[in-house]
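Here is what each chain is made of, one letter per residue.
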Amino acid sequence: MNSLPRLFIGIFVVFLFAWGGLVAMPYLQLGGLQPQVDEDGNQFPPQRDSLAEYGAEVYAANGCMYCHSQQIRPEYAGSDLERGWGARRTVPRDYVNDRPVFLGTMRTGPDLTNIGKRQPSALWHHQHLFAPRAMAGDWSIMPAYRFLYKVQKVKGTPHPDGFTVPGDPSVPEGYEIVPTKEAKALVAYLISLDRSYSLKEAPVD
Amino acid sequence: MSATVEIPGGIAANRASSGLQVEGEVVQRVVVDRSCRLPVLFFFAAGLAWLLLGSLFGFIASFKMHHPEFLADWSWLTWGRVRVAHLNMVAYGWASQAGIGVGIWLMSRLCRAPLRAPGLTLVAGLFWNLGVTIGVAGILAGHSQSIEWLEFPKYATPLLFVAYALVGIWAVLMFVNRRPGHVYVSQWYLFAAFLWFPWLYGTANVIMQAFPLKGVTYGAVNWWFAHNVLGLWFTPIGLAAAYYMIPKVIGRPVHSYYLSALGFWSLALFYSWNGMHHLIGGPFPIWLITASVVASFMMLIPVLTVAINHHMTMRGHFGRLAESPTLRFTVFGAMIYTLVSLQGVSMAIPAWNKITHFTHYTVGHAHLGMYGFFSMIMFGSMYYIVPRLVGCEWRSPTLIKWHFWLSAYGIILMVLALSVGGFLQGAYLLDPATPFEYVVKSTMLFLQSRSVSGVAIASAHLIFGFHFALMLLRLGRTGGEATTFLSREVRS
Numbered sequence: 769m770n771s772l773p774r775l776f777i778g779i780f781v782v783f784l785f786a787w788g789g790l791v792a793m794p795y796l797q798l799g800g801l802q803p804q805v806d807e808d809g810n811q812f813p814p815q816r817d818s819l820a821e822y823g824a825e826v827y828a829a830n831g832c833m834y835c836h837s838q839q840i841r842p843e844y845a846g847s848d849l850e851r852g853w854g855a856r857r858t859v860p861r862d863y864v865n866d867r868p869v870f871l872g873t874m875r876t877g878p879d880l881t882n883i884g885k886r887q888p889s890a891l892w893h894h895q896h897l898f899a900p901r902a903m904a905g906d907w908s909i910m911p912a913y914r915f916l917y918k919v920q921k922v923k924g925t926p927h928p929d930g931f932t933v934p935g936d937p938s939v940p941e942g943y944e945i946v947p948t949k950e951a952k953a954l955v956a957y958l959i960s961l962d963r964s965y966s967l968k969e970a971p972v973d
Numbered sequence: 158m159s160a161t162v163e164i165p166g167g168i169a170a171n172r173a174s175s176g177l178q179v180e181g182e183v184v185q186r187v188v189v190d191r192s193c194r195l196p197v198l199f200f201f202a203a204g205l206a207w208l209l210l211g212s213l214f215g216f217i218a219s220f221k222m223h224h225p226e227f228l229a230d231w232s233w234l235t236w237g238r239v240r241v242a243h244l245n246m247v248a249y250g251w252a253s254q255a256g257i258g259v260g261i262w263l264m265s266r267l268c269r270a271p272l273r274a275p276g277l278t279l280v281a282g283l284f285w286n287l288g289v290t291i292g293v294a295g296i297l298a299g300h301s302q303s304i305e306w307l308e309f310p311k312y313a314t315p316l317l318f319v320a321y322a323l324v325g326i327w328a329v330l331m332f333v334n335r336r337p338g339h340v341y342v343s344q345w346y347l348f349a350a351f352l353w354f355p356w357l358y359g360t361a362n363v364i365m366q367a368f369p370l371k372g373v374t375y376g377a378v379n380w381w382f383a384h385n386v387l388g389l390w391f392t393p394i395g396l397a398a399a400y401y402m403i404p405k406v407i408g409r410p411v412h413s414y415y416l417s418a419l420g421f422w423s424l425a426l427f428y429s430w431n432g433m434h435h436l437i438g439g440p441f442p443i444w445l446i447t448a449s450v451v452a453s454f455m456m457l458i459p460v461l462t463v464a465i466n467h468h469m470t471m472r473g474h475f476g477r478l479a480e481s482p483t484l485r486f487t488v489f490g491a492m493i494y495t496l497v498s499l500q501g502v503s504m505a506i507p508a509w510n511k512i513t514h515f516t517h518y519t520v521g522h523a524h525l526g527m528y529g530f531f532s533m534i535m536f537g538s539m540y541y542i543v544p545r546l547v548g549c550e551w552r553s554p555t556l557i558k559w560h561f562w563l564s565a566y567g568i569i570l571m572v573l574a575l576s577v578g579g580f581l582q583g584a585y586l587l588d589p590a591t592p593f594e595y596v597v598k599s600t601m602l603f604l605q606s607r608s609v610s611g612v613a614i615a616s617a618h619l620i621f622g623f624h625f626a627l628m629l630l631r632l633g634r635t636g637g638e639a640t641t642f643l644s645r646e647v648r649s
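So the sequences go chain by chain: A and B. All letters in the first sequence, in the order written, are residues 769 to 973 by the numbering used here. All letters in the second sequence, in the order written, are residues 158 to 649 by the numbering used here.
Calculated from the structure, these hints are not laboratory results. If a hint is listed, it holds; no wrong ones were tucked in.
Calculated lysine to aspartate or glutamate pairs in the EDC-like style (CA-CA distance at most 20 Å, straight line):
hint, chain 1, residue 1, chain 2, residue 2
1, A, K952, A, E825
2, B, K311, A, E821
3, B, K371, A, D866
4, A, K918, A, E944
5, B, K371, A, E825
6, A, K885, A, E850
7, A, K968, A, D806
8, B, K371, A, E821
9, B, K558, B, E480
10, B, K371, A, D817
11, A, K949, B, D230
12, B, K311, A, E825
13, B, K511, A, E850
14, B, K511, B, D588
15, A, K918, B, D230
16, B, K511, A, E843
17, A, K923, A, E941
18, A, K952, B, D230
19, A, K918, A, E941
20, A, K921, A, E941
21, A, K918, B, E226
22, B, K371, A, D962
23, B, K311, A, D866
24, B, K598, A, D906
25, A, K949, A, E825
Generate coordinates for the entire structure from the input sequences, incorporating the hints supplied.
This is the structure:
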């Protein structure tokens with residue numbers, strides 16, 4: 769192996785081989801995948817609105833993916849179904865609207881594939897993001913996202929988006945918590961996470 | 158291909174030849190070392206600065222996992238950003254730069270030629286650090302792309318690509334202009350790594366930014382890239398250094414040329430297909446996952462080949478571990494390489510992956526590889542290279558001893574804690590009757606232990622950083638006798 773061209777060709781071919789298998793082939797197979805459309809013209813997975821799309825950016829900015837996965841493995845690969853995180857395994861079509869995709873590799877916290885179905889209340893999400901331990905229990909190790917909220921004194925009529933967290937002593941009486949645009953977007957994104965519809969390749973039975 | 162007796166640096170052929178030739182070799186080495194001084198020391202110093210900062214961020218991230226209210230009110234220090242900043246600082250700031258520094262020196266020594274285009278490497282170094290600085294600041298400001306190992310925001314990637322490409326061009330220049338003669342195994346690894354990385358990084362970024370990629374195809378590109386950063390960048394550099402340092406310190410040729418060649422090509426062929434084992438059970442075609450699981454199994458060939466080759470080289474010389482810092486760090490790293498690779502193979506077995514996937518066990522595995530294997534070999538190499546560049550020897554054997562034991566015990570404790578904690582987490586997650594609350598509680602002791610190990614490792618880095626600074630200030634020993642663990646402390 770004293771010859772430069774031979775070494776060069778070798779390392780190039782090896783590189784190209786793996787690229788072809790792991791990048792080009794999946795792209796050819798799955799790159800053209802489209803949402804499934806039913807007879808009424810509804811798309812599955814449904815498109816997100818612009819607020820929820822912005823929420824996905826907030827999700828990325830704060831690294832939510834590093835503790836929460838968004839994938840339901842089939843029965844043979846884990847207990848995801850039995851834990852009630854989804855009614856069926858997820859398939860490539862579930863993610864065609866996602867760019868990038870937050871499949872995740874860690875479950876310090878629970879899977880969020882269907883969090884919007886499990887917990888559809890925007891108020892609950894806001895309270896939980898502001899004070900995780902007041903909402904989930906003192907065992908929770910989720911960081912609080914108070915920096916996505918403003919705490920202000922109630923003057924006259926309360927703010928239309930304002931809320932309080934029962935059981936969280938950090939906000940005194942007479943004050944309200946108001947979500948920023950980022951917080952509202954993040955919660956819109958979380959509520960949009962609902963992959964419980966049926967697909968032909970992964971029917972819900 | 159000839160069955161040459163392999164001693165790095167080409168002295169094997171000269172062993173029996175005239176004294177004049179040996180003297181020529183020594184002069185030539187001095188010239189090569191002098192030509193490397195500035196770029197190599199630059200990469201080492203910048204790498205160590207990132208290592209210290211990265212260790213701090215690692216500790217903050219670790220501490221937050223059992224004290225989630227710690228530093229929670231600043232958006233730029235929220236856990237999800239600190240964790241990502243830590244990874245990128247240590248992977249691209251520290252490990253890559255240490256690897257390039259070691260790689261530049263090894264390449265020049267092995268090509269038996271003074272460093273070509275030192276300006277090119279310095280410009281690459283400046284771009285590199287600018288890219289990492291802007292990238293880390295972007296992550297902390299909330300611009301992370303949230304794609305594992307590719308988190309640097311889009312505006313930092315061109316800077317980094319320029320840096321990587323310059324290093325690649327430099328490697329070709331060096332290789333083309335090498336003195337004729339035998340090409341040593343370390344050169345294959347280095348040459349390949351310096352070409353693979355810009356290709357890999359460029360391709361991944363072009364595909365992700367320029368193509369209308371969406372959905373799970375992102376995941377495939379992501380793990381093709383992320384695993385190949387380990388397989389085609391860090392691993393070859395680490396092995397190149399081990400293949401050089403071990404025979405060099407004990408003064409004995411590498412056991413087998415044929416095993417070296419087999420190890421190199423099988424690593425290239427199989428490692429590059431490994432990535433999708435991070436997606437077992439995920440929403441992907443089964444053939445894709447299976448291909449990576451099979452390739453992960455095939456890793457047994459390169460790993461055992463290298464292990465046998467290094468073991469046979471060391472045989473009868475293990476006593477030298479008591480004296481040579483370079484050898485102790487490097488052999489520790491080489492042994493961990495075997496261990497972490499076998500662990501990696503086991504984690505691709507679907508039945509075991511079912512437990513370890515999505516848990517701290519994987520985090521432990523990642524640290525065992527990047528720290529126990531790669532970083533330890535880099536430390537060992539730096540203990541060898543730096544005295545040859547600054548013209549004095551390491552000042553204190555005690556400081557080296559402390560560095561080694563804090564790093565070694567630190568990483569062992571960290572990996573044990575994360576492995577046991579991760580196993581419990583995975584086993585409890587697998588049982589749907591165990592409430593999530595219990596899963597979280599069961600990991601707490603281990604997450605706290607991990608923070609303790611982080612303090613040990615960070616202390617090791619402070620000690621090494623201090624010792625390195627003394628060397629830069631020429632406050633080491635003079636007299637030409639290399640510092641070993643058996644040397645006496647200088648008193649002054």
